[in-house]
Every structure is written in structure tokens, then in C-alpha cells.
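There are 2 protein chains.
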Amino acid sequence: MRKFKGNVTTPKGFSASGVIAGIRKKNKKDIALVYSETPCVAGATFTTNKVKAAPVVRDIEILKNGKPKHAVVLNSGIANACMGAQGVTDDLAMATATAEGLGCTADQVFTASTGVIGQPMPMNVILPGIHEACISLGSAEEDGLNAAQAIMTTDTVCKTVACQFTAEDEIEVTLGGMSKGSGMIHPNMATMLSVVTTDINIDEALLQEAVSQVVADTFNMISVDRDTSTNDTFIVLANGLAGNEKITKKNKVYEDFVLALFLVCKDLAMKMAKDGEGATKLLEVKVRHARTHEDAVKIAKAVISSNLVKAAFYGSDANWGRVLCAMGYSGGEFDPDKVDIYLQDGDDRYLLVKGGMAVDYSEEEATRLLSKEMMTFRINCNDGYEKATAWGCDLTYDYVKINGDYRS
Amino acid sequence: MRKFKGNVTTPKGFSASGVIAGIRKKNKKDIALVYSETPCVAGATFTTNKVKAAPVVRDIEILKNGKPKHAVVLNSGIANACMGAQGVTDDLAMATATAEGLGCTADQVFTASTGVIGQPMPMNVILPGIHEACISLGSAEEDGLNAAQAIMTTDTVCKTVACQFTAEDEIEVTLGGMSKGSGMIHPNMATMLSVVTTDINIDEALLQEAVSQVVADTFNMISVDRDTSTNDTFIVLANGLAGNEKITKKNKVYEDFVLALFLVCKDLAMKMAKDGEGATKLLEVKVRHARTHEDAVKIAKAVISSNLVKAAFYGSDANWGRVLCAMGYSGGEFDPDKVDIYLQDGDDRYLLVKGGMAVDYSEEEATRLLSKEMMTFRINCNDGYEKATAWGCDLTYDYVKINGDYRS
Numbered sequence: 083m084r085k086f087k088g089n090v091t092t093p094k095g096f097s098a099s100g101v102i103a104g105i106r107k108k109n110k111k112d113i114a115l116v117y118s119e120t121p122c123v124a125g126a127t128f129t130t131n132k133v134k135a136a137p138v139v140r141d142i143e144i145l146k147n148g149k150p151k152h153a154v155v156l157n158s159g160i161a162n163a164c165m166g167a168q169g170v171t172d173d174l175a176m177a178t179a180t181a182e183g184l185g186c187t188a189d190q191v192f193t194a195s196t197g198v199i200g201q202p203m204p205m206n207v208i209l210p211g212i213h214e215a216c217i218s219l220g221s222a223e224e225d226g227l228n229a230a231q232a233i234m235t236t237d238t239v240c241k242t243v244a245c246q247f248t249a250e251d252e253i254e255v256t257l258g259g260m261s262k263g264s265g266m267i268h269p270n271m272a273t274m275l276s277v278v279t280t281d282i283n284i285d286e287a288l289l290q291e292a293v294s295q296v297v298a299d300t301f302n303m304i305s306v307d308r309d310t311s312t313n314d315t316f317i318v319l320a321n322g323l324a325g326n327e328k329i330t331k332k333n334k335v336y337e338d339f340v341l342a343l344f345l346v347c348k349d350l351a352m353k354m355a356k357d358g359e360g361a362t363k364l365l366e367v368k369v370r371h372a373r374t375h376e377d378a379v380k381i382a383k384a385v386i387s388s389n390l391v392k393a394a395f396y397g398s399d400a401n402w403g404r405v406l407c408a409m410g411y412s413g414g415e416f417d418p419d420k421v422d423i424y425l426q427d428g429d430d431r432y433l434l435v436k437g438g439m440a441v442d443y444s445e446e447e448a449t450r451l452l453s454k455e456m457m458t459f460r461i462n463c464n465d466g467y468e469k470a471t472a473w474g475c476d477l478t479y480d481y482v483k484i485n486g487d488y489r490s
Numbered sequence: 083m084r085k086f087k088g089n090v091t092t093p094k095g096f097s098a099s100g101v102i103a104g105i106r107k108k109n110k111k112d113i114a115l116v117y118s119e120t121p122c123v124a125g126a127t128f129t130t131n132k133v134k135a136a137p138v139v140r141d142i143e144i145l146k147n148g149k150p151k152h153a154v155v156l157n158s159g160i161a162n163a164c165m166g167a168q169g170v171t172d173d174l175a176m177a178t179a180t181a182e183g184l185g186c187t188a189d190q191v192f193t194a195s196t197g198v199i200g201q202p203m204p205m206n207v208i209l210p211g212i213h214e215a216c217i218s219l220g221s222a223e224e225d226g227l228n229a230a231q232a233i234m235t236t237d238t239v240c241k242t243v244a245c246q247f248t249a250e251d252e253i254e255v256t257l258g259g260m261s262k263g264s265g266m267i268h269p270n271m272a273t274m275l276s277v278v279t280t281d282i283n284i285d286e287a288l289l290q291e292a293v294s295q296v297v298a299d300t301f302n303m304i305s306v307d308r309d310t311s312t313n314d315t316f317i318v319l320a321n322g323l324a325g326n327e328k329i330t331k332k333n334k335v336y337e338d339f340v341l342a343l344f345l346v347c348k349d350l351a352m353k354m355a356k357d358g359e360g361a362t363k364l365l366e367v368k369v370r371h372a373r374t375h376e377d378a379v380k381i382a383k384a385v386i387s388s389n390l391v392k393a394a395f396y397g398s399d400a401n402w403g404r405v406l407c408a409m410g411y412s413g414g415e416f417d418p419d420k421v422d423i424y425l426q427d428g429d430d431r432y433l434l435v436k437g438g439m440a441v442d443y444s445e446e447e448a449t450r451l452l453s454k455e456m457m458t459f460r461i462n463c464n465d466g467y468e469k470a471t472a473w474g475c476d477l478t479y480d481y482v483k484i485n486g487d488y489r490s
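Chains as they are written, first to last, in the working numbering: chain W, 83 to 490; chain V, 83 to 490.
Hint data in this document are derived by calculation from the structure and do not stem from the laboratory. One should not assume that every hint holds.
Since the list gives no way to pick one copy over another, a pair counts as held whenever it fits inside one copy or between any two copies.
Here are the simulated SDA-like pairs of lysine to any residue, each with C-alpha atoms no more than 25 Å apart in a straight line [claimed, not checked]:
no. : residue 1 : residue 2
1   : Lys469    : Val170
2   : Lys132    : His371
3   : Lys483    : Glu446
4   : Lys110    : Arg373
5   : Lys454    : Glu286
6   : Lys420    : Leu174
7   : Lys87     : His375
8   : Lys420    : Gln168
9   : Lys107    : Tyr443
10  : Lys132    : Glu468
11  : Lys132    : Lys368
12  : Lys132    : Val441
13  : Lys85     : Thr130
14  : Lys85     : Val139
15  : Lys363    : Glu337
16  : Lys334    : Asp430
17  : Lys328    : Tyr479
18  : Lys483    : Thr362
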């Protein structure tokens with residue numbers, strides 16, 4: 083099992099493109115296409131927000147239609163959310179134009195949009211853009227990068243990764259992924275779009291099970307600002323070209339695939355957390371020895387989401403009281419008098435709190451550790467055997483600046 | 083019924099003081115005392131955080147002891163939270179010293195602390211401070227103001243108010259209140275301390291019922307940063323000196339008292355929201371015509387708490403998509419296609435969204451309205467008869483600055 087630089091075009095049989103349509107800006111790639119001529123099975127998860135963008139509503143529908151899938155077309159700039167019947171029409175037009183360009187049917191094409199809510203889609207530039215995306219498809223690494231760049235909005239870095247493992251019979255199985263998202267990100271998906279391609283041969287129901295399991299521990303464990311968006315979409319396409327015997331039960335290859343998918347999604351999730359709007363540092367919260375997994379998840383999410391913890395992290399202030407305070411309102415069960423809190427840097431741990439109270443630690447050393455680009459709060463509840471890990475970032479002046487005038 | 087300038091010394095028979103003990107700063111009043119020689123009944127609510135500061139744990143205990151109460155002693159600077167057995171000892175010492183100074187017993191004295199979590203109480207300065215507070219008691223308006231100033235932390239304005247109404251027999255009933263709180267404030271109480279005094283004659287159980295009812299619609303409907311603190315305390319003392327016939331059932335005087343208490347608490351809650359850390363503007367969210375009261379509360383709280391809504395409000399950007407998005411993840415039930423959203427300025431309403439979609443409004447006019455010191459988002463769900471109102475503030479650079487180095 084190895085994780086490496088790569089993207090959606092790394093697995094066998096996938097091509098991609100990213101083009102400039104001019105949706106909101108003149109010189110930014112804003113339409114991405116991911117395609118497999120070989121029919122794919124798909125697994126996906128979507129936003130839990132009650133207000134769902136048009137593409138999300140349609141994707142949920144076609145995910146269940148039992149037809150082989152061929153492509154995902156995505157645009158950045160306009161979210162196609164809160165647009166009523168017009169939004170539905172425009173979204174279907176995107177899928178139809180893509181299907182025409184690729185020679186399949188619209189219900190074999192997933193769509194995804196991200197950007198400003200409540201503004202109409204400029205179909206006069208989007209449709210020509212889709213046409214160009216179809217004829218620009220390529221399977222080189224650069225083509226996958228173009229697609230990854232085309233879905234960026236306030237992202238400052240392009241997020242891609244690949245992973246490979248050997249299945250039985252020395253068959254190589256490859257996964258490649260891309261994602262975008264840096265604001266409106268909160269546990270349970272947020273303004274994040276992510277597509278993972280893989281050449282594994284797998285039953286569609288099992289693929290969906292793997293996707294749901296992995297998303298719970300990765301994308302659903304990051305928070306930038308607690309806002310869950312209308313457009314979150316995560317789609318996995320599997321075309322079977324690796325040539326492994328089709329996975330129809332939870333065997334060793336399935337387990338390996340779940341681990342590989344976890345590594346891909348964790349990598350993308352951490353990249354999104356680190357690229358949180360205005361963020362300067364990556365914060366990881368590891369909750370260990372909790373009573374139940376659910377308690378561990380609640381505690382980890384509350385700490386990673388606390389504005390006060392995030393602002394203190396920005397100031398490199400070891401304000402562990404705010405960590406304990408966030409645990410206290412998390413809704414997770416724990417005994418405050420049993421809690422130990424460490425700063426963890428790789429394998430090194432620096433104890434701040436023992437049994438719910440501060441130990442005699444050095445503020446200087448704690449500040450030095452918190453000044454690093456990535457730091458972990460390790461919270462030991464000493465009250466059970468369950469665990470959870472969450473990722474987030476610091477809260478900075480720039481977060482406010484970016485979101486005070488996003489639309490302008 | 084009239085609301086006016088006044089504070090905890092305004093009702094008959096109450097005295098107060100605020101003194102400089104030197105807990106964390108040399109020249110800041112940091113110990114407050116509120117006292118009634120006449121025995122009082124009490125009603126109170128406290129933080130729901132699982133991690134409760136020592137004074138909160140003790141107050142919850144003595145609230146139920148059935149004894150008449152005489153005083154509340156409060157300190158700012160150190161929260162006396164996460165201090166284990168030492169915290170319990172120090173808190174009891176505060177109550178005991180106060181009781182000795184006043185000639186009552188420790189279990190007739192409420193305590194409250196606010197400030198840094200996890201640091202020991204400097205009892206060497208606190209106990210002399212309490213002694214001074216006892217001998218400095220006075221019933222002038224200035225004495226009440228001194229107390230209100232002594233509980234301030236990052237507050238930039240001193241928060242007090244009074245209210246008076248006429249009970250049967252032309253008896254004047256008076257309420258006076260003070261509060262502090264500008265960070266770690268979120269629905270369900272936060273780092274807020276508030277004391278309201280009143281000379282009404284009322285049964286203790288009915289007082290508690292009035293307190294719980296009013297808190298739900300006022301203090302629990304404000305949010306500055308979604309962090310619920312370890313120390314939140316709201317205490318009402320009623321000494322009966324107004325001379326009204328003791329309220330033992332929900333008659334007209336009781337209803338008037340609930341309204342007066344609501345006006346006092348709403349005034350203090352709005353002052354806290356407006357004085358949110360780093361805030362420049364007060365935001366009100368009125369949810370109307372919701373299916374149930376619970377739905378209305380969930381929706382109002384989600385919108386007022388959204389970092390994205392708050393940052394857009396700071397930038398005077400009419401980003402209604404973020405309002406609808408926050409509604410969508412609130413957990414409250416509503417039909418997105420029925421929602422109307424207005425900017426409301428006094429009695430004037432400016433329509434932004436009709437039936438879940440933008441109308442053709444002027445961005446310039448919306449920005450002009452959002453630039454005001456106070457603005458209301460009026461959200462009409464058009465789906466029922468229930469309502470709720472919440473208060474909050476904008477998210478600014480200064481919030482980050484204040485919380486990036488609060489302890490230094």
C-alpha cells in the first residue's frame with residue numbers, strides 16, 4: 083500500500099480536463115470533467131443540509147438508477163443552489179450537454195457545482211465550456227491537475243493524491259482523487275467537492291458501503307467554520323480495469339481497498355482543513371480512551387470547531403481550559419476529572435493537563451509547540467476504549483476578511 | 083410598566099459594592115457584592131456545560147436548601163474552573179468570608195466567578211477584597227454601578243437596567259439587573275454572569291418558573307461565538323419589600339412580573355450580544371410563522387451563530403444564501419420553497435428573498451441597511467404560527483485578536 087502524487091487520471095482508463103468557461107472570472111479554469119469510457123459503478127455521499135443545490139438533488143436520484151456511470155462534470159463560481167425550477171433545468175442541461183459530448187445518456191453523468199448561492203447559472207458560457215471540456219479530455223497527469231484546478235474557489239492549493247495496493251494475483255489496484263473546499267466546511271460534509279476514481283472491480287453496493295464508512299472518519303471529521311453547505315458532493319467511480327476478480331464480499335482485497343480509500347480521503351480531508359479559509363496552521367484533535375465511539379466523535383468535533391480554541395491556536399496560546407470547556411458542551415459523555423491533555427508532535431507528547439487539572443508545564447515550551455504548522459491535541463478520556471480524530475485550522479483575521487467580502 | 087436606567091440597588095432594600103482586590107490587574111474593580119438584609123427567595127439558571135466551575139456546583143446545591151438567601155458575591159479575573167478540590171475549598175472560603183462580613187451563613191450566599199480557566203484563585207487578595215466589599219456596601223445608584231463594573235472582563239460597556247410596574251393596590255414593584263459577558267457566549271448560557279434584584283413578594287417555586295421561562299427567550303437566544311462556558315450564572319433575588327400580597331398563583335401580578343423580568347433580561351441580553359468580543363454591530367434574527375416553536379428556535383439560533391452570516395454582516399454584504407444555508411443545517415423543519423427573507427429596520431421591511439429565491443432587490447440599498455448599528459433579518463417560514471427571536475453580532479478581526487491572546 084503506497085500513497086503518492088497523482089490524481090483522478092492515475093487509475094487505468096480515466097481521463098479528465100479542466101477549462102476556462104468564464105463563469106465568474108476571465109482567466110480561471112472553472113469547468114472540470116472526469117470520464118471513463120469503460121462503464122463504472124459509483125458510490126457517493128452528499129450534503130445533509132435541508133437546502134440542497136440542484137445537482138445534489140439530481141445526483142442522489144441517478145445514483146440509484148442502476149445504470150453504469152461514465153462521468154462527473156463540475157463547475158466552480160456559481161453553486162446553482164436556491165434557484166428553483168431554473169436551477170433544475172440548468173443542471174439537467176449541464177448533464178445533457180456532457181452526455182452528448184461523450185456519447186452516453188444524461189443519467190449516466192453526475193453534476194456538481196460550487197460557488198455563490200442564489201445566482202443564476204450563466205448557461206451561455208457554461209454550455210460552450212462543457213463542449214470544450216469534452217474535446218480536451220486527456221489521461222495525462224496534467225489533465226487530472228487541470229480538472230483539480232478547475233474546481234478551486236477560495237482554495238489556495240490544488241488538492242490531489244493517489245494510492246496503490248496489490249490485490250491477489252499481483253494485480254495493481256489504483257485510486258486517484260481530487261477535492262476542493264476551504265470555507266463552509268464542517269463535519270457532515272460542507273462546501274467540498276471531491277471525486278475519486280479507481281480501477282478496482284467491485285460490486286456497487288459494497289462500494290457504497292466502503293464510501294460511507296470512510297467518509298464518516300475523514301471528510302465528516304473536518305471543520306473550518308461549522309457551516310455545512312448546500313452543495314457537498316463526494317463521488318467515487320470504479321471502472322474495474324485493474325482486472326481483479328470482482329469483489330462481492332468483504333474479503334482481504336475489500337479490506338485493502340477500504341484502507342486505500344481511507345488514506346486517499348484522509349489526505350484530501352487534511353489538505354482541506356489546512357487550507358481552511360484564512361488558516362495558517364493545521365490542528366488535529368485525537369480523542370482516545372473514550373466510553374463510546376460516538377462520545378469520541380462528539381468531543382473531537384466540538385474541540386476542533388470551537389472558535390475560542392481556534393483563535394487561541396492562532397495565537398499559539400496553550401489555552402487548554404477552552405479545550406476542556408468545548409468537551410463539556412460537546413454532548414459526549416466523559417468524566418472531567420479523568421481527562422489528560424497533551425500536545426503531540428509526531429511521537430513526542432507534552433503533558434498539559436492530568437486528571438482535569440493543569441500540570442506544571444512550561445508556557446514557553448507549549449507556545450513553541452503550538453507555533454508549528456501542524457499540532458495535535460491528544461485528549462485521553464481514560465474512561466474506555468474508543469477513539470476518534472478530527473482536523474481543523476486556526477481562526478484568523480483573514481477568515482473574516484475573506485468572508486466579509488466573498489461576493490465582491 | 084416602564085424600563086429605565088437603574089441597577090441592582092434600584093429595588094427596595096438592596097445594597098451593593100464593587101472593589102479592587104487586585105486579582106489579575108492592579109486598577110480594575112474585580113469583586114462585586116449584592117446584598118439584602120431582608121431575607122430573599124431566589125431563582126436561578128446555570129451553565130449546561132458538563133465542566134462546571136466550583137461556584138456553579140455549589141450554587142446549584144444551595145439553591146435547593148430552602149433557606150432564605152441574602153447575597154451574591156462575584157469575582158472577575160479567575161474563573162475557578164478545572165481546579166479540583168482546591169477550587170471547591172476556595173469557593174467555600176469566598177462564601178464563608180462573605181457570610182461573616184454580612185452576619186449570615188455561607189449557605190445563604192451565592193458565589194460566581196469569571197475569567198481564566200484552570201488557574202488558582204489568589205485567595206490572599208480575594209479574602210481581603212471580600213472584607214472590603216462587605217464594609218463598602220451602599221444602596222445608591224453608584225454602588226450598583228460599582229458592582230456592575232467589578233464583574234466586567236472583556237466587556238467594553240457596563241450593562242445594567244431597571245424596570246418598574248404597578249401591582250394591585252397601586253404598589254410599585256421594581257426590578258434591577260446587571261450582567262457581564264461578551265465572549266464564550268452562546269445559546270444555553272455562556273460566560274455570562276447576571277444578577278437581578280427585585281422587591282416583589284413571590285413564592286420561590288413560582289419565581290423559579292418565571293426565571294426559567296424568561297431565560298429561554300432571552301439569555302438562551304444570544305450567541306457571540308457558540309462557546310458555552312463553564313461558569314454561566316443567572317440569579318434573581320426577591321426580598322418582598324414592595325409589599326404586594328405574596329404571589330402564590332399565576333395571577334395578573336405574576337404575569338406582569340414575568341413581562342418585567344423579560345424586559346430586563348432582553349435588555350441585558352441584547353447589550354451582551356452588541357458587546358460581543360470585537361463586535362461592531364448588533365444582529366437580530368426574527369423567525370416568524372414557523373411550524374413549531376422548537377423549529378423557530380433552532381432556525382434562529384443557527385442563523386445567528388453562523389460564522390459566515392456573521393462575517394458577511396461585518397462586510398455589510400446581503401449574502402442571504404448563507405442565511406438560507408444556515409437554516410438548512412439548523413435541524414429545524416421548514417420548506418425552503420416557502421421562505422421569505424427581509425431586512426427589517428424598525429417597522430420598515432426590505433424584501434430580499436421570496437419563496438426561497440432572490441427577488442430583484444438593490445445590493446446598494448441592502449448594503450446601506452446592513453451598515454447600520456443594528457439590523458434584523460426577518461425570516462418568514464410561511465408554514466405555521468410559531469416564532470422565535472435571537473440576537474448576535476458580527477464576526478470581526480478584533481474577535482480573533484481578543485481571543486488570540488486573551489491570557490496575555
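- Query: Quick check: which numbered hints come out false for this structure?
  - Reply: 1, 4, 5, 7, 13, 14, 15, 16, 17
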